[in-house]
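Build out the structure end to end from the sequences listed, making use of the hints.
Residues per chain, in single letters:
Number of protein chains: 2
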Amino acid sequence: MGQDSTKMTQRHAIGVFDSGVGGLTVVRALRAVLPGEDIIYLGDTARVPYGNKSPRTVEKYSLGCQQFLLERGVKLVLVACNTASANALPALAAASPVPVIGAVEPGAAAALAASRGRRIGVIGTLGTVRSSAYAKAIAAHDPSAKLVALACPLLVPLAEEGWTDDEVAALVARRYLAQLFAIDREIDTLVLGCTHYPLLRDVIARVVRELVTHDVTIVDSASAMAERAADFGLRTAANRRTEPGTLQCFATDISRLDELAPRFLGEPMTSFELVDL
Amino acid sequence: MGQDSTKMTQRHAIGVFDSGVGGLTVVRALRAVLPGEDIIYLGDTARVPYGNKSPRTVEKYSLGCQQFLLERGVKLVLVACNTASANALPALAAASPVPVIGAVEPGAAAALAASRGRRIGVIGTLGTVRSSAYAKAIAAHDPSAKLVALACPLLVPLAEEGWTDDEVAALVARRYLAQLFAIDREIDTLVLGCTHYPLLRDVIARVVRELVTHDVTIVDSASAMAERAADFGLRTAANRRTEPGTLQCFATDISRLDELAPRFLGEPMTSFELVDL
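First to last, the protein sequences are chains F and S.
Basically the numbering used here = 1-based index in the first sequence + 8.
Basically the numbering used here = 1-based index in the second sequence + 8.
Note that these hints are calculated values from the structure, not bench results.
Be aware that a few hints might be false.
No distinction is drawn between identical chains; accordingly, a pair holds when it is met within one copy or between any pair of copies.
[Said to hold, decoys possible] Heads up, simulated SDA-like pairs for lysine to any residue below, C-alpha to C-alpha not over 20 Å straight-line:
#1 Lys68 <-> Arg264
#2 Lys68 <-> Glu194
#3 Lys144 <-> His222
#4 Lys144 <-> Ala190
#5 Lys68 <-> Leu285
#6 Lys68 <-> Val283
#7 Lys68 <-> Phe258
#8 Lys68 <-> Asp284
#9 Lys68 <-> Pro98
#10 Lys68 <-> Thr221
#11 Lys154 <-> Glu267
#12 Lys68 <-> Phe189
What follows is the structure, encoded as structure tokens:
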């Protein structure tokens, strides 16, 4: 019985939540780094997006999502949503008996590691940009680094519409990124500060090459979050496991999941269970 | 005392709800038709948009909004949101002791009244188009009328970003409307089947003129809903009132209200009270 309970503990899953399906990019990165770990994913698709809502609402909904994961006995919570990370991480950490990893701090650290000139640009939702969370995280690592952050509200609906590499995507990306580089032409590292933006990586990279002549490194939080999760003593455990981990997905609304989720996960989905929060 | 209680009854407000602030276009139309009526408005801005969510979620949130208005003693409920009207009207009507007016039926009737050739186009959210509510409403009036409905998910975020009459708006409108007129080039009446779309009316009209040579009448539901409300015995009462009616606004999230609300109401806003639903 003692051995069974140890085994049970070892099989506790990693919990990941997001305002929608964009956080599946974090699941994808987790499965690459820690293939043996079980994962429970929750997308708050009934109340998506969080990006243009107030800190109070984002915090309330984020706490509900985390509570759902904690009730399923997760050993670690990953807040895939940048808006939730930027606005609710202190409240989430205070309410959780297990470690909570946000998207902002790993993303900021990855940007600093990539930046030669300490000139960093961040694009994200209104909520992420207004929170100044990236500015604070970067200043905590390197007060001399210079950061410009810009809200790009149309990029999430563009990614969800699937217009990710066409004339509209290029026009919208150009308008936002021209604003960003007009503020600082020397930006050498661009953080995709929203889980949806990796779908637009190609068009963003192309537009950046049109706008400036120097190389700009594009980073996102997903891999950095997965590495951070592995640091919680999981590398060994994952390596010891022989069978691949399971992925269990929940969502608060099921509309368009079949269409959207595989784009972010990068593999055919199993299925989502509908839950009320 | 009998007279006071009569007066109280006469002062019962008209309730209007929407998924966000777009429904203020209906408030604007109501104030034009019934200037003496008091109005209570609720925008479910914490859970906006409804347009890409499932009928189940839309119905659940809509019932919550209506309940909030009923608890404030409204004598009439106007469902400004087309997605809510298209997916939740039967449930709303069943749950309400007072009349409930949706957006779809008045919009369909206005389109039929405007259409010479009975060839009607409707643009709206995914949820509105998938419901087939406009098709059913138009067929109920005139089974010989021909309807084409197209979902245009990017128009709401464009209107909210304020990019309503520029190169991006034209490109996006052209892509959607070209699809619509490719299905039926003889459409002579276009319904703006979402409360956000009147902000894009100019660019939509211009793109339509580029696409077809005949005249296309553009209609929206707001005025038709206000006329329908007046039919509930209110024309006389409103005319008897000398002082202008009050407008009380509630929202479930306050982010960006100061910026967005006046665009839809067409006048400076008073203020919103924040409520939890």
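Results of checking the hints against the structure:
1. With identical chains, the CA atoms of Lys68 and Arg264 are at most 20 Å apart between copies only, with a shortest distance of 18 Å across copies and 25 Å within one.
2. With identical chains, the CA atoms of Lys68 and Glu194 are never at most 20 Å apart, being 38 Å at best within one copy and 49 Å at best between copies.
3. Proximity of Lys144 to His222 under the C-alpha cut-off of 20 Å is found in neither arrangement, the shortest distances being 26 Å within a copy and 57 Å between copies.
4. For the identical chains of this complex, Lys144 and Ala190 are neighbours neither inside a copy (22 Å) nor across copies (51 Å), given an alpha-carbon limit of 20 Å.
5. Taking the shortest Cα distances, Lys68 and Leu285 sit within 20 Å of each other both inside one copy (11 Å) and across copies (12 Å).
6. In this assembly of identical chains, Lys68 and Val283 lie within 20 Å of each other by CA distance both inside one copy and across copies; the values are 17 Å within and 13 Å between.
7. In this homomeric assembly, Lys68 and Phe258 come within 20 Å of each other (Cα to Cα) both inside a single copy, at 19 Å, and across copies, at 19 Å.
8. Taking the shortest alpha-carbon separations for Lys68 and Asp284, both the intra-copy value of 15 Å and the inter-copy value of 11 Å come in at or below 20 Å.
9. Taking the shortest Cα distances, Lys68 and Pro98 sit within 20 Å of each other inside one copy (12 Å), while across copies they are farther apart (31 Å).
10. Proximity of Lys68 and Thr221 under a CA criterion of 20 Å is satisfied in neither setting, with 44 Å inside one chain copy and 52 Å between copies.
11. Proximity of Lys154 and Glu267 under a CA criterion of 20 Å is satisfied in neither setting, with 39 Å inside one chain copy and 29 Å between copies.
12. Taking CA atoms no more than 20 Å apart as the test, Lys68 paired with Phe189 passes in neither setting, with 35 Å inside one copy and 44 Å between copies.
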